[in-house]
Amino acid sequence: MNDKTPLPWWTLDNAAKIFPSTGSSHDSKVFRIFCELKEDVEPQDLQKALDKTVERFPMFRSVLKRGWFWYYLEDSVLPVKAEPETLPPCWPLYPSGRRSLLFRVQYFRRRISLEVYHVLTDGTGALEFMRTLVSEYLLLRDPAAFPKPEFPQADSQWQRQADGFQKYYEKSRGKRLAPEPSAYQIRGQRLPKNRMAVLEGSVPLADALACARGRGATLTELMTALLLRAIHEGMRVRDERKPVVITVPVNLRSYFPSQSSRNFFAIIRVGYDFRNRDGSLEDVLAQVREQFKANLTQERMAAQMNALCALEHNIPIRLVPLPIKDVVLRAANYLSSRGATASFSNVGKVAMPKGSESFIKKFGVFTCAGCLQACVCSFGDDYTVSFASPYRSREVERVFFRQLVDLGLQVTVTSNLLPNGEVD
Amino acid sequence: MRYCEQCKVQLTGAPDRCPLCQGPLAGEPGEPSYPQVPPQPSRLAIRWAALVTVAAGAVCGVVNLSVPSSGLWCLFVIAGLATTWLLLWVALRKRGSPTKVILWQLGLVCALSLLWDVCTGFHGWSVNFVLPIFIPCMQLAIAVTAKILRLRKEEYLFYLVLSIAAGLLPLLSLVCGLLQVVYPSGICGGISVIGLAALVLFRGSELKEEVVRRVHF
Chain A
1 MNDKTPLPWW TLDNAAKIFP STGSSHDSKV FRIFCELKED VEPQDLQKAL DKTVERFPMF
61 RSVLKRGWFW YYLEDSVLPV KAEPETLPPC WPLYPSGRRS LLFRVQYFRR RISLEVYHVL
121 TDGTGALEFM RTLVSEYLLL RDPAAFPKPE FPQADSQWQR QADGFQKYYE KSRGKRLAPE
181 PSAYQIRGQR LPKNRMAVLE GSVPLADALA CARGRGATLT ELMTALLLRA IHEGMRVRDE
241 RKPVVITVPV NLRSYFPSQS SRNFFAIIRV GYDFRNRDGS LEDVLAQVRE QFKANLTQER
301 MAAQMNALCA LEHNIPIRLV PLPIKDVVLR AANYLSSRGA TASFSNVGKV AMPKGSESFI
361 KKFGVFTCAG CLQACVCSFG DDYTVSFASP YRSREVERVF FRQLVDLGLQ VTVTSNLLPN
421 GEVD
Chain B
1 MRYCEQCKVQ LTGAPDRCPL CQGPLAGEPG EPSYPQVPPQ PSRLAIRWAA LVTVAAGAVC
61 GVVNLSVPSS GLWCLFVIAG LATTWLLLWV ALRKRGSPTK VILWQLGLVC ALSLLWDVCT
121 GFHGWSVNFV LPIFIPCMQL AIAVTAKILR LRKEEYLFYL VLSIAAGLLP LLSLVCGLLQ
181 VVYPSGICGG ISVIGLAALV LFRGSELKEE VVRRVHF
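Protein chains in written order, with this note's numbering: chain A, 1 to 424; chain B, 1 to 217.
Treat each hint with caution, since some may be false.
[Stated by the list, open to error] A few chain B residues facing chain A, derived, Cβ under 8 angstroms:
id	residue
1	G13
2	R17
3	D117
No lab work stands behind these hints: they were computed from the structure.
C-beta atoms are modelled at their ideal positions from N, C-alpha and C, and glycine is treated no differently.
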């Protein structure tokens, strides 16, 4: 590509617009998807696989730039490198204005980690990239034994780069976003130097599913209920006047067909009032199920999406210069973060070709944010719940995993803490 | 694999204590899943430089206050230190893009020299000399940087055109009769008009595209 051909560029999608303004060193808006293999990673093959993968996902090469009114993504010719892991998990990816890629691939022993700045894509898009990367890698390692994968195919690169929000936005009148009532905030000291404590708990998927089905719920509903109860354990009685609210990102691709590998999600809120209800697992689960059922409808999703997109299409808002937008969005983000206690995100089942279980042990995902975050994904018979916490205390995680043990599940915990229990 | 009797969970890696309950563990340690990350750089040099600056300002202030008859010269020292740090801070923040750094220096130096001039009785040295001499230098600096670093047009074209637009301001002031010294501003304006014409004639379509992407709303 010579200097004469203009580099392609893309406006940010609706969800991505808020991330560059609101990111900070303790809330980097970076999430990680990792894959644990059964043997150590071979760096050279990983690099080759990465080069092939990036060809299929050209948008991953883009860099973030500041315009006068909005940030935007611009293609780049920067080298993409797989490197040994030397950074703390989810370390910021957009160091002030530097022209750098918005994702990184690192390896450590048997693990390959993909870290992505949320501006680029959401969990679904990143997972698609990760699946391709791991398949390419294993194909290079053992072409005879690894089952030939069907790479996730979009109909065209245009489909992959399409902005789902723009495609489905319909202008509707009178539907403003109501401000969220404030929710209980987890208290306690934070870890030093913006570090995060990661705790992954793996349970057998079949047993976990049996537990959930036995209670007439989905696994996501059960885990959300368990998380609500785990947070409640650490609350003071006088904190109970505020509800515990968990935000759950929902993949909009399930409601609005899209092959976009950019952001395309909405957020629902699931709350529980521990002051006026008994807090038993049955009652919490019933409440959670009810709220999931009420919120997860095509109409609700469309209404939320339209309300958010309407802001972005509002001419006076569009004409506000970016430095002012930065300040306003930061304030709006602070206010909306008061309305949530923690977040629970389900990336879903990682589909890999049959037979890849003999090469791959598990997949996992976690994300950095100012508050406690739990993310889950499953692969084969492994169901991994990963907590990323900025707090010193591990009480929520402890109570959560104890509940899993009490349900009769066998829990295996992995953490990034040093042997003495500190972050470094 | 290790095991915590208290929490009844298995633990991978080699923890000494249970990360959940801090209790003792049974079983053999395994391989860790996360590396021990090296400490991040803490920018000690810049912290020391900042401390030295504050100390210098404080010492000047104290000396000045103890000899009041010498006038309030410490204000000049403090304002000078603040100016230097502002320029340095902006350059460090924008260091990812050298052409952006140059454009910011252009804007800041112009604004700060005007401010210094106004605060010291407005003798006109800023508008008559500093602006018309400094702006063409920065235009040249952007062009040379782009050439040497072989930057793509997305990395310099927009900043170059803004620096040229800035060069038209002294000319405009001259035409409006605001200036006393003609030559510097006239030459600066002339260079800028020629530069702008050359850019529009030779790289007009690329320039238009660049403006569209930077100013889209």
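Okay, the hints, checked on the actual structure:
1. For G13(B), the interface hint holds, the least distance from its beta-carbon to any beta-carbon of chain A being 6 angstroms, beneath 8 angstroms.
2. Because the beta carbon of R17(B) sits about 6 angstroms from the nearest beta carbon in chain A, less than 8 angstroms, this interface hint is met.
3. Hint on D117(B) is violated. Least Cβ distance to chain A is approximately 27 angstroms, over the 8 angstroms limit.
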